[in-house]
Amino acid sequence: MELSGAEILVRFLKDEGVEHIFGYPGGAVLHIYDALYTQDDVKHILVRHEQGATHAADGYARATGKPGVVLVTSGPGATNAITGIATAYMDSIPMVVITGQVPTAVIGSDAFQEVDSIGITRPCVKHNFLVKSVDEMAETLKKAFYVATTGRPGPVVVDIPKDITDPNVKVPYTYPETIDMRSYNPVMKGHSGQIKKAVDMILEAKRPMIYTGGGVVLGNASEQLTEFTRTLGYPITQTLMGLGSYPATDKQFIGMLGMHGTYEANMAMHECDTLIAIGARFDDRVTGKIAEFCPNAKIVHVDIDPASISKTVKVDIPIVGDVATVLDEMLQILKSSKTRPDAAALANWWENIEKWRGENCLRYDRNSALIKPQYVVEKLWEVTNGDAIVASDVGQHQMFAAQYYKFDKPNKWLNSGGLGTMGFGLPAGMGAKLAYPDQDVAVVTGEASIQMCIQELGTATQYDLPVKVINLNKRYMGMVRQWQEFFYESRYSHSYMDAIPDFVQLAESYGHVGMRIEKPEDVEGALKEAFAMKDRLVFMDFITDQEENVYPMVAAGKGHHEMHLASDRELA
Amino acid sequence: MKHIISLLLENESGALSRVAGLFSARGYNIESLTVAPTEDETLSRMTIVTTGSDEIIEQITKQLNKLVDVVKLIDLTEGAHIEREMMLIKVATDGAEQRGEIKRLADIFRGGIVDVTDASYTIQLTGDSDKLDAFISAVSNMNILETVRSGVLGISRGEKGLHL
Ligand SMILES: Cc1cc2nc3c(=O)[nH]c(=O)nc-3n(C[C@H](O)[C@H](O)[C@H](O)COP(=O)(O)OP(=O)(O)OC[C@H]3O[C@@H](n4cnc5c(N)ncnc54)[C@H](O)[C@@H]3O)c2cc1C
Ligand SMILES: Cc1ncc(C[n+]2csc(CCOP(=O)(O)OP(=O)(O)O)c2C)c(N)n1
Chain A
5 MELSGAEILV RFLKDEGVEH IFGYPGGAVL HIYDALYTQD DVKHILVRHE QGATHAADGY
65 ARATGKPGVV LVTSGPGATN AITGIATAYM DSIPMVVITG QVPTAVIGSD AFQEVDSIGI
125 TRPCVKHNFL VKSVDEMAET LKKAFYVATT GRPGPVVVDI PKDITDPNVK VPYTYPETID
185 MRSYNPVMKG HSGQIKKAVD MILEAKRPMI YTGGGVVLGN ASEQLTEFTR TLGYPITQTL
245 MGLGSYPATD KQFIGMLGMH GTYEANMAMH ECDTLIAIGA RFDDRVTGKI AEFCPNAKIV
305 HVDIDPASIS KTVKVDIPIV GDVATVLDEM LQILKSSKTR PDAAALANWW ENIEKWRGEN
365 CLRYDRNSAL IKPQYVVEKL WEVTNGDAIV ASDVGQHQMF AAQYYKFDKP NKWLNSGGLG
425 TMGFGLPAGM GAKLAYPDQD VAVVTGEASI QMCIQELGTA TQYDLPVKVI NLNKRYMGMV
485 RQWQEFFYES RYSHSYMDAI PDFVQLAESY GHVGMRIEKP EDVEGALKEA FAMKDRLVFM
545 DFITDQEENV YPMVAAGKGH HEMHLASDRE LA
Chain B
8 MKHIISLLLE NESGALSRVA GLFSARGYNI ESLTVAPTED ETLSRMTIVT TGSDEIIEQI
68 TKQLNKLVDV VKLIDLTEGA HIEREMMLIK VATDGAEQRG EIKRLADIFR GGIVDVTDAS
128 YTIQLTGDSD KLDAFISAVS NMNILETVRS GVLGISRGEK GLHL
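Protein sequence lines correspond, in order, to chains A and B. One point on numbering: in the working numbering, the residue at position 64 of the first sequence is 68, and numbering is uninterrupted. One point on numbering: in the working numbering, the residue at position 85 of the second sequence is 92, and numbering is uninterrupted.
No wet-lab data here; the hints were simulated from the structure. Just so you know, not all the hints are guaranteed correct.
[Stated by the list, open to error] Computed far set for chain B versus chain A, every beta-carbon distance over 12 Å:
(1) His-10
(2) Ser-24
(3) Thr-49
(4) Leu-50
(5) Thr-58
(6) Lys-69
(7) Asn-72
(8) Ser-127
(9) Ile-143
(10) Leu-160
(11) Ser-163
(12) Gly-168
[As the list claims (entries may be wrong)] Now the stretches of chain A that chain B is said to cover, found in silico as 3 or more residues with beta-carbon under 8 Å:
(13) 118-130
(14) 183-190
Remember, it's a predicted structure, so these values are computed and weren't measured experimentally. All C-beta atoms, glycine included, are put in the ideal place defined by N, C-alpha and C.
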């Protein structure tokens with residue numbers, strides 16, 4: 005079969021099983037758009053801004069586990085995509101981003117809409133490729149998908165000069181079923197000796213703690229994690245990225261850890277004698293002050309990326325490998341081992357944990373005349389039976405969503421943890437809705453974040469993506485205001501937003517349903533009404549308490565035991 | 008501590024900037040970096056001299072290994088190895104006495120004079136970096152016009168080494 009570069013690209017995507025791509029046209033990719041026009045195997049979603057394309061593809065990937073695919077033009081198309089690429093990179097999300105480039109002959113001449121996309125994206129991709137000849141097209145694309153989806157996943161950019169997609173230059177095409185790269189061979193299986201040693205150490209623990217992260221979601225290992233945790237009977241905490249990979253409603257789950265983690269999780273981290281870290285990368289929002297991190301614990305760390313191990317915290321037993329594979333092996337050893345966890349010590353440990361849990365650190369004022377953001381999330385959880393996909397933006401609302409929406413399943417919680425990108429929520433939720441039209445998708449956001457990609461409301465209209473936007477409108481950039489209250493004596497420098505649009509009218513002008521909710525007693529009814537409208541995007545503008553804070557809080561650079569809890573004044 | 012890290016990488020246009028970018032983005036030191044193709048033209052061999060605590064060196068090697076273009080890597084300083092650097096140094100010569108002095112020093116250091124004018128000598132010198140430093144200080148009382156150093160090359164001793 006003889007095809008042009010543009011036709012090869014489109015045909016390859018089909019052969020690779022890609023059903024949807026998110027993109028925006030421009031000069032350098034017009035040959036590709038022409039090839040898209042004549043087929044309908046690969047469906048193209050036209051976004052309103054390239055940042056939206058990358059976040060939508062990212063949300064699609066987080067919800068499905070399949071790589072998200074983006075197509076943008078050269079120059080400004082590529083630069084607009086950077087934020088989304090960096091967002092995916094920080095959270096290890098598989099994505100393939102195809103950027104158009106000026107023709108090979110003029111590369112380097114400051115040609116119209118030329119930027120060095122390879123150079124600009126290099127620090128925020130897992131890898132990138134410049135396609136130098138049409139003969140390399142299929143193989144390069146195969147490499148891109150292979151690198152993006154294996155090992156520690158991540159975004160891969162493929163930069164394609166316009167001449168490579170010339171409709172008049174046709175070359176033979178066959179789909180490359182497999183690819184071999186001598187320089188890239190991710191390790192899947194963990195070292196058996198290390199695994200054996202780790203299990204011995206795990207079984208000797210008196211005050212054990214399981215700490216897991218995004219790697220369990222990425223590695224599709226929640227079943228194994230759940231069995232492992234239940235077999236041992238140990239307490240489990242998760243990072244912001246790990247939520248859902250162990251049921252949050254289960255007794256053994258003691259909440260998220262870290263800066264806005266629960267009292268019981270952080271105290272248990274501080275007091276544990278054995279830490280079992282699985283697919284988590286000891287981020288500074290999790291560890292707090294390194295010198296005071298788990299001061300009494302021996303640490304096992306399972307991670308597919310050797311560079312994640314002992315990066316910030318030195319570990320005792322490192323295991324490089326895929327979580328599912330390693331947990332399978334651990335479970336096998338556990339099942340055949342005669343040693344059991346020390347029941348008496350464990351009972352003692354749980355007693356301590358229950359005492360910390362009794363602190364009820366997530367309490368908030370339920371009698372307020374104002375809508376509390378926490379209350380909205382709790383009701384959202386109830387109304388959606390805890391089963392919605394929740395995409396979030398960045399700020400206080402993100403933390404409230406993480407704390408009060410109890411995720412029982414993985415791939416349901418989509419948020420930008422590593423880069424903390426405001427603007428992520430709406431397009432990411434839309435990407436997930438595209439993949440799962442029958443599932444409820446809620447976008448939890450704030451009035452500042454939503455305005456960063458609000459133009460995608462138009463995309464939602466065009467492609468019929470009826471997500472429910474839960475806007476927790478504080479008329480403040482809440483998270484910034486909170487830091488200013490705590491650390492800058494309440495000098496609210498430029499964290500108040502004036503001239504906020506009328507979101508109800510704005511939503512309506514895009515063809516959606518808008519609602520404004522101002523009283524606590526209306527919250528539940530409004531949510532029910534909105535979620536009953538299965539085929540409409542409903543923008544719910546909740547006018548919430550302006551000065552609510554996120555608790556507990558471990559200030560940056562402090563130890564886990566130095567937590568800030570909500571004061572009685574705030575609970576009154 | 009100083010480490011010499013040797014790597015084989017795909018001989019592709021972007022590979023060098025990936026390595027250089029990694030060092031600058033993560034704030035690692037580079038004392039020298041050399042790169043050229045090997046007997047297998049699809050591969051380049053790079054030698055990087057860097058310094059850092061054990062933890063930092065561990066991260067450097069892990070991060071380098073993670074680059075998709077890096078095929079293989081060793082830290083030469085972990086075993087017996089040979090280290091070589093070349094220097095060309097141009098010194099102004101002022102009269103016969105000084106010319107004799109420079110010639111003698113070049114001989115002592117097993118260097119060669121590779122270019123001569125009425126007013127200058129250019130000396131070529133090979134050895135480990137300390138030797139080149141020593142030569143520079145030996146001629147430091149004279150007028151050094153230019154120095155150019157290749158950066159360190161390294162190879163491990165014996166059969167052990169860096170190959171596919
Ligand atoms: C406003 C704000 C507040 C935040 N507060 C908190 C907080 O209180 N608590 C908190 O936890 N986070 C918080 N974060 C998020 C934080 O910044 C980090 O993004 C997060 O802690 C990292 O999670 P993780 O360790 O699970 O790593 P991830 O970024 O999810 O990384 C996954 C790890 O798993 C590994 N991995 C991937 N695939 C596999 C596999 N198949 N097998 C084995 N390993 C694999 C990867 O190599 C990597 O090391 C906050 C973010 C924001 C924006
Ligand atoms: C693109 C971007 N710019 C700036 C920030 C810094 N930042 C973090 S949270 C926040 C405020 C978010 O306000 P809002 O969306 O209203 O959410 P709230 O905290 O009020 O819930 C800002 C500005 C960021 N995370 N991302």
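Right, here's what the structure says about each hint:
1. His-10: holds (17 Å)
2. Ser-24: violated (7 Å)
3. Thr-49: violated (9 Å)
4. Leu-50: violated (10 Å)
5. Thr-58: holds (19 Å)
6. Lys-69: violated (4 Å)
7. Asn-72: violated (7 Å)
8. Ser-127: holds (38 Å)
9. Ile-143: holds (36 Å)
10. Leu-160: holds (22 Å)
11. Ser-163: The claim stands: Ser-163 of chain B keeps its Cβ more than 12 Å from every Cβ of chain A (closest is about 21 Å).
12. Gly-168: holds (17 Å)
13. 118-130: holds (count 5)
14. 183-190: holds (count 4)
Hint compliance for this structure: hints 2, 3, 4, 6, 7 are not met, and every other hint is.
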